[in-house]
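Protein chains: 2
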Amino acid sequence: MTLDPIARFRRFSRAVTSEVGALDHSFLGRGRPLGSARVLNAIGHGRGDIAAIRDYLGLDSGLMSRLLRGLEEEHLIETRPDAADARRRVVALTGKGRAEFAAYEALSNNRAEALLARHPRPEALLDAMDLVASALGRDRFTFETVDPRSDAARHGLARYYVELDRRFDGGFEVGRSADPDAMDMIAPRGSFIVVMSDGLPIGCVGLKGTDKGYAEIKRLWIAPSARGLGLARRLMDAAEAAARQLGIATLRLDTNKALTEAIALYRKTGWTEIDRFNDDPYPDFFFEKRL
Amino acid sequence: MTLDPIARFRRFSRAVTSEVGALDHSFLGRGRPLGSARVLNAIGHGRGDIAAIRDYLGLDSGLMSRLLRGLEEEHLIETRPDAADARRRVVALTGKGRAEFAAYEALSNNRAEALLARHPRPEALLDAMDLVASALGRDRFTFETVDPRSDAARHGLARYYVELDRRFDGGFEVGRSADPDAMDMIAPRGSFIVVMSDGLPIGCVGLKGTDKGYAEIKRLWIAPSARGLGLARRLMDAAEAAARQLGIATLRLDTNKALTEAIALYRKTGWTEIDRFNDDPYPDFFFEKRL
DNA sequence: CATAACACCTGACTTTAGTCAGATAATTTT
DNA sequence: AAAATTATCTGACTAAAGTCAGGTGTTATG
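So the protein lines, in turn, are chains X and L. Residue numbers for the first sequence, in my numbering: 1 to 291. Residue numbers for the second sequence, in my numbering: 1 to 291.
Just so you know, these hints were derived from the structure itself, not from any lab. Small disclaimer: the values here were computed from a predicted structure and weren't measured. One should not assume that every hint holds.
[Unchecked claim] Going by beta-carbon spacing under 7 Å, a handful of chain L positions derived as facing chain X: (1) R8; (2) F12; (3) R69; (4) N109; (5) P120; (6) A133; (7) G137; (8) G199.
[What the hints assert, rightly or not] Counterexamples of contact, computed for chain L against chain X with all Cβ distances above 10 Å: (9) P5; (10) A7; (11) F9; (12) T17; (13) G48; (14) L59; (15) A128; (16) T145; (17) Y161; (18) D165; (19) F172; (20) R189; (21) A241; (22) R267.
From the three backbone atoms N, C-alpha and C, an ideal C-beta is built for every residue, glycine too.
Working from the sequences, and respecting the hints, build out all of it.
Next comes the structure, spelled out in structure tokens:
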């Protein structure tokens, strides 16, 4: 009988292998070998640096060259030397190439759409997929400083507010709290950092500058699918590093009693509890850390 | 920004593609081309019919033949004509082949184990994987009549009891209920049917024969990862078909008020509510259906 | 019982993927 | 300014995968 964890894992593995295989096969339907199709798709997804594509697809430089020549002969791509370093070449899609790329995208998208559409609980399926993708891709998280008004940041914040509303006694309305001004979370006053996993923002934290001799940590959030991976701590480290670089010596934060994991993290990482320092209605705990 | 459902799906797809690719690559470490390794693994997993392997792996018959010859030359497999139809050949691992297969299995298992071990919530990860695997494999569910004492059946029943205990007011103890005798759920008195998805039992139902002029439907269960796919209904249909074949004309069942989806299903599929017909402490509703 | 259908095999290919040793030209280092 | 390093390309390979047209022996069918 095959019910132990490893058997379940491998059942999953078989299921996705055949799904992946089927997609590869459908890609061949456009009459181009898979290698060329993969290069075309890498270029279409914005990888313009030949070395980056080679690295991403794990190709030999000779093979890569030949695949590029093939795509060039089909008039799907154009290469030219890099302006900054003429040894390198950059590559971009032609109009014809963009059309071909769009056709490949449509194949992938249709597959995804069909599978989601026929599932009774697409949200649950997507949550499961996020969890698996974060688990498989955990070596590939990137920390990026972004504008708090960017899409990635807004996505994180929106999820964060939803979660607060769910967890706080009596819910949470962002309007009743002191919503930080975006300019306070952009250098040189502050910073806003997101963790990305292959294009999906799965966590964020804000460093909000004030004129009171300290900066505040705000909006620490990790997607449910990525919890327990130590990302919150790494985000906090990144925020502290940003603060040091901006010459900020003292950090403060406030938090609600419902956010127990966060409170435990603060206590473990050198924060000390202090008296209430604002009149925001939501927080129950107040912390300070000197850098 | 890439946050719509399709983008999330495709992020998942990329993550598992690179995982699958990495596993393929590790398979090459044993010095055998991937094609041969895949055939060897298919045989090791019990596929002894050449046509079945060819079909499963999508191989041309010529290519398949050559791969088999190669494995035969390595003394990993043995083929002989099928006793029933001498055109067909059946294939089996030799002792050396079993050792080699075990080595491949270890590669897969170690990979699975390592990934599960470093995850903070392996149970949540496995649940997510089950959900995804059921969604991807939904064309490949099989309904099998099994002995209620088999591993597959016992797995389903164990999960069923856990769920009842969670959902019933005051919990559920199997000992307090009239646990059906296994012989009553085996032909010719009754039947026990499981839904399998690629080796994993994800649902079950029992048809329990009695000496009172009717048979009872018992233990209808669907794994959380496979709900909403219409499997409960298909299981009930299968149970009814089994009853007809056994010459049973009347079916009864009892159920608890907490199992709302089941009750809705019974009402929708021709069952009529009747008076209590037993003194089991758990059920609140009683149904009958004439075939 | 002839013939069609079937399962598998063999030989003769082609295509794709991948490797490796230079060649070329640009950039960095000493 | 010479030497070393780097990024890409070309040519000459090999291995693997996949295709296709027969061929052999077996089984099903009219």
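Hint by hint, here is what the structure shows:
1. R8: Where the cut-off is 7 Å and the nearest Cβ of chain X is about 5 Å from R8/L, the hint holds.
2. F12: holds, 4 Å
3. R69: violated, 25 Å
4. N109: Where the cut-off is 7 Å and the nearest Cβ of chain X is about 5 Å from N109/L, the hint holds.
5. P120: holds, 3 Å
6. A133: Holds: closest Cβ of chain X sits about 4 Å from A133/L, inside 7 Å.
7. G137: With a closest approach of 5 Å, the G137/L hint holds.
8. G199: Since the shortest Cβ distance to chain X is 5 Å, the answer is holds.
9. P5: violated, 6 Å
10. A7: Nearest chain X Cβ is 7 Å from A7/L, so the label is violated.
11. F9: violated, 4 Å
12. T17: violated, 5 Å
13. G48: The assertion about G48/L holds, with a minimum of 18 Å to chain X.
14. L59: At about 12 Å from chain X, L59/L clears the 10 Å cut-off, so the statement holds.
15. A128: It is violated; A128/L is separated from chain X by about 4 Å at its closest Cβ, not greater than 10 Å.
16. T145: The claim stands: T145/L keeps its Cβ more than 10 Å from every Cβ of chain X (closest is about 17 Å).
17. Y161: holds, 15 Å
18. D165: D165/L is indeed farther than 10 Å from all Cβ atoms of chain X, at 19 Å.
19. F172: holds, 21 Å
20. R189: holds, 25 Å
21. A241: At about 24 Å from chain X, A241/L clears the 10 Å cut-off, so the statement holds.
22. R267: holds, 19 Å
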